[in-house]
Structures are given as C-alpha cells and as structure tokens.
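K.L.:
Using the sequences and the hints given, assemble the complete structure.
For the sequence shown, UniProt numbering puts the final residue at 267, and the numbers step up evenly by one.
To be clear, the hints were calculated from the coordinates, so they are not data collected in a lab. Remember, predicted model here, so these are calculated numbers, not experimental data. Beta carbons are placed, not taken as given, at the ideal position from N, Cα and C, and that holds for glycine. Some hints here could point you the wrong way.
Unchecked claim - Lysine-lysine pairs mimicking DSBU-like chemistry, simulated, CA-CA at most 30 Å apart:
{"no.": "1", "residue 1": "K186", "residue 2": "K131"}
{"no.": "2", "residue 1": "K27", "residue 2": "K39"}
{"no.": "3", "residue 1": "K39", "residue 2": "K131"}
{"no.": "4", "residue 1": "K186", "residue 2": "K125"}
{"no.": "5", "residue 1": "K79", "residue 2": "K131"}
{"no.": "6", "residue 1": "K125", "residue 2": "K79"}
What the hints assert, rightly or not - FRET-style restraints, in silico, Cβ to Cβ:
{"no.": "7", "residue 1": "Y228", "residue 2": "A77", "range": "55 to 61 Å"}
{"no.": "8", "residue 1": "A172", "residue 2": "E205", "range": "28 to 34 Å"}
{"no.": "9", "residue 1": "E139", "residue 2": "D235", "range": "48 to 54 Å"}
{"no.": "10", "residue 1": "E155", "residue 2": "K79", "range": "49 to 55 Å"}
{"no.": "11", "residue 1": "R189", "residue 2": "R98", "range": "17 to 23 Å"}
{"no.": "12", "residue 1": "R149", "residue 2": "Q72", "range": "47 to 53 Å"}
{"no.": "13", "residue 1": "G119", "residue 2": "E205", "range": "46 to 52 Å"}
{"no.": "14", "residue 1": "S124", "residue 2": "N229", "range": "55 to 61 Å"}
{"no.": "15", "residue 1": "R98", "residue 2": "T225", "range": "34 to 40 Å"}
{"no.": "16", "residue 1": "A146", "residue 2": "F93", "range": "28 to 34 Å"}
{"no.": "17", "residue 1": "Y224", "residue 2": "P162", "range": "29 to 35 Å"}
{"no.": "18", "residue 1": "T76", "residue 2": "R149", "range": "43 to 49 Å"}
{"no.": "19", "residue 1": "P162", "residue 2": "Y228", "range": "23 to 29 Å"}
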Amino acid sequence: MKELGDSLSQASQDQSLAAHQALVGLKEAKTSSQQLFHKIHDIRGKAEQSEVMVQEICRDIKQLDYAKRHLQTTLTALKRLHMLVNAVDQLEFMSSQRNYREAASLLEAVNQLFTHFDGYTNVSKIVELHKTVRTLQEELGGQIFADFRSIGPMESLEDNFPSEEERQAVFANLSAACAAVDALGKATREKLVHLFCDEQLMSYERLYGDGGECARLHQAETRYTWFYNLLSAIDDRLNAISQSIGEWLDGCAFSSVTERGPIYLHR
1 MKELGDSLSQ
11 ASQDQSLAAH
21 QALVGLKEAK
31 TSSQQLFHKI
41 HDIRGKAEQS
51 EVMVQEICRD
61 IKQLDYAKRH
71 LQTTLTALKR
81 LHMLVNAVDQ
91 LEFMSSQRNY
101 REAASLLEAV
111 NQLFTHFDGY
121 TNVSKIVELH
131 KTVRTLQEEL
141 GGQIFADFRS
151 IGPMESLEDN
161 FPSEEERQAV
171 FANLSAACAA
181 VDALGKATRE
191 KLVHLFCDEQ
201 LMSYERLYGD
211 GGECARLHQA
221 ETRYTWFYNL
231 LSAIDDRLNA
241 ISQSIGEWLD
251 GCAFSSVTER
261 GPIYLHR
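P.N.:
Shown next as structure tokens:
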C-alpha cells in the first residue's frame, strides 16, 4: 500500500509539474504571438511610412524637374530677348549708315526672333520693340525710295554719274537696297516697283501726256517704239543692280493712261 501511495503521489506531482510547464509554455507562446503581432504591425507601419516618403520624394523630384524646365524656358526667353534688343539696335545703326546689306540680314534675324514672342503680345517691352521695328522699317523704306529717285532716268545715267566708278558705286548701293526691300516684304517691293516705273516714265509723260509734242492720235504707234527703246537702254543696267529688280519688273506693266486707255508693255 505504501508503494502504491508513493506511486500515486509521484504521478500527481508529475501531472502538476506538466500542467505548470504547459501553462508556462502557453503564456510564452501567447507572449511570442503578441510580440510577433507588434513586430508585424511595426513593419507594416514602417512600410506605409516608407511608401509615403517615396511618394513625397517623387513629388518633390517632379516639382524640381518642372521648376528646372520653367527656369530653362525663362532663361532661353531672356537670352532671345537680349538678342532681339541688340539686333534692333544694330538695325537702327546700319539703316542710318545706309548699310543695306547688313540691314537686310538684321531684318530677317529680327523677324525670326519675334516669332518666339508671339505669346507675349501684352508684354510692354515686346510691344515697344514692335513699334520701334515698324518705325525703322518705314524709315528704311523711305531711304531706299529716295536713293532710287536720286539716280534719275536710267537711260541717261551718265548725265548724273559721269565716271564708271560712280556708276558702279550706284549699282552696288541699289543692289544692297534690293536685298533690304526683299526683307521688308511684298508691300514695300510693290511700292518701289511703282515708284521706279513712274520715275523712268517721266520723259514719256512729257512726250505723250496731255499737251505733249507726240500726244496726237496719229503718233500713237510710236509709243510702243519708245517703250522698247527704253527697255533696251536700261535692261543691262537693271541687271547690273540686281537680278531681283528684273524679276520684280518681269511681267509688270509700264503703263500710262492715255485717251485710248492704258498701254501695257511686258519685259
């Protein structure tokens, strides 16, 4: 009986110890689970923070990139504005010196630079430059018209410029002027053509205009001969000035209103 009692006592102690160990193990497992949960929560929280930080960094990078592009655009615009102002100043100087060849190149450059400021029509500096250039264009056109008037009739060029050197200087100046007229545009070109024709037809008006010595009806046919003779006399001189002026006059009618109506003669 004593042995049986001892066995039961030992079994009871073992069971109590096992139960205690099981309870301790359960508590430890529960603690480990809680710790694992907190770690997972922390990791998830840090992951979310990292994602937010990455998004903020990406946003900052985009803002910096936009600012950089905007700065580059602004710097480019300022550089072009500086070039435009310098070109206008040089255009004014070259025009005053009657350096028509350089003025023509500067006009083309100014027109090209203005295309970059089409969206700045309300900017006072751009408006001011537009007004300045229009004034310079008008003054330049007026100078060129005056130079063409000053040579007088092409058929008697020797009367005003006796030496070959003088005539070559005139041709060189008017050749450069034609380049400037091209840069000034169609309206200026057409005005010059009409002015030039009127200047060259002044002697025709004296002969065949009202009260002229050849204004009678039976002399009408001589008008055509007069035109052909004029063209023969000045054609080489026109080419000496520039092929451009010949092209402008090509197909252009030398006309004079007579009692029989306009007379046209094409080159």
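K.L.:
If a hint holds in the structure, say so; if it does not, say that too.
P.N.:
Structure-based check of all given hints:
1. K186 / K131: holds, 19 Å
2. K27 / K39: Holds, at about 18 Å.
3. K39 / K131: Measuring from Cα to Cα gives roughly 74 Å; hence the hint is violated.
4. K186 / K125: holds, 27 Å
5. K79 / K131: holds, 21 Å
6. K125 / K79: holds, 14 Å
7. Y228 / A77: 55 to 61 Å: holds, 57 Å
8. A172 / E205: 28 to 34 Å: Holds: the Cβ-Cβ distance is about 30 Å, inside 28 to 34 Å.
9. E139 / D235: 48 to 54 Å: violated, 31 Å
10. E155 / K79: 49 to 55 Å: holds, 52 Å
11. R189 / R98: 17 to 23 Å: holds, 19 Å
12. R149 / Q72: 47 to 53 Å: Distance hint for R149, Q72 holds at roughly 50 Å.
13. G119 / E205: 46 to 52 Å: Roughly 51 Å apart at Cβ, these two residues keep to the hinted range, so it holds.
14. S124 / N229: 55 to 61 Å: The hinted range 55 to 61 Å holds for S124 and N229, with Cβ atoms some 57 Å apart.
15. R98 / T225: 34 to 40 Å: holds, 38 Å
16. A146 / F93: 28 to 34 Å: Roughly 19 Å apart at Cβ, these two residues miss the hinted range, so it is violated.
17. Y224 / P162: 29 to 35 Å: holds, 31 Å
18. T76 / R149: 43 to 49 Å: The hint (43 to 49 Å, Cβ to Cβ) holds, given that T76 and R149 are roughly 44 Å apart.
19. P162 / Y228: 23 to 29 Å: holds, 27 Å
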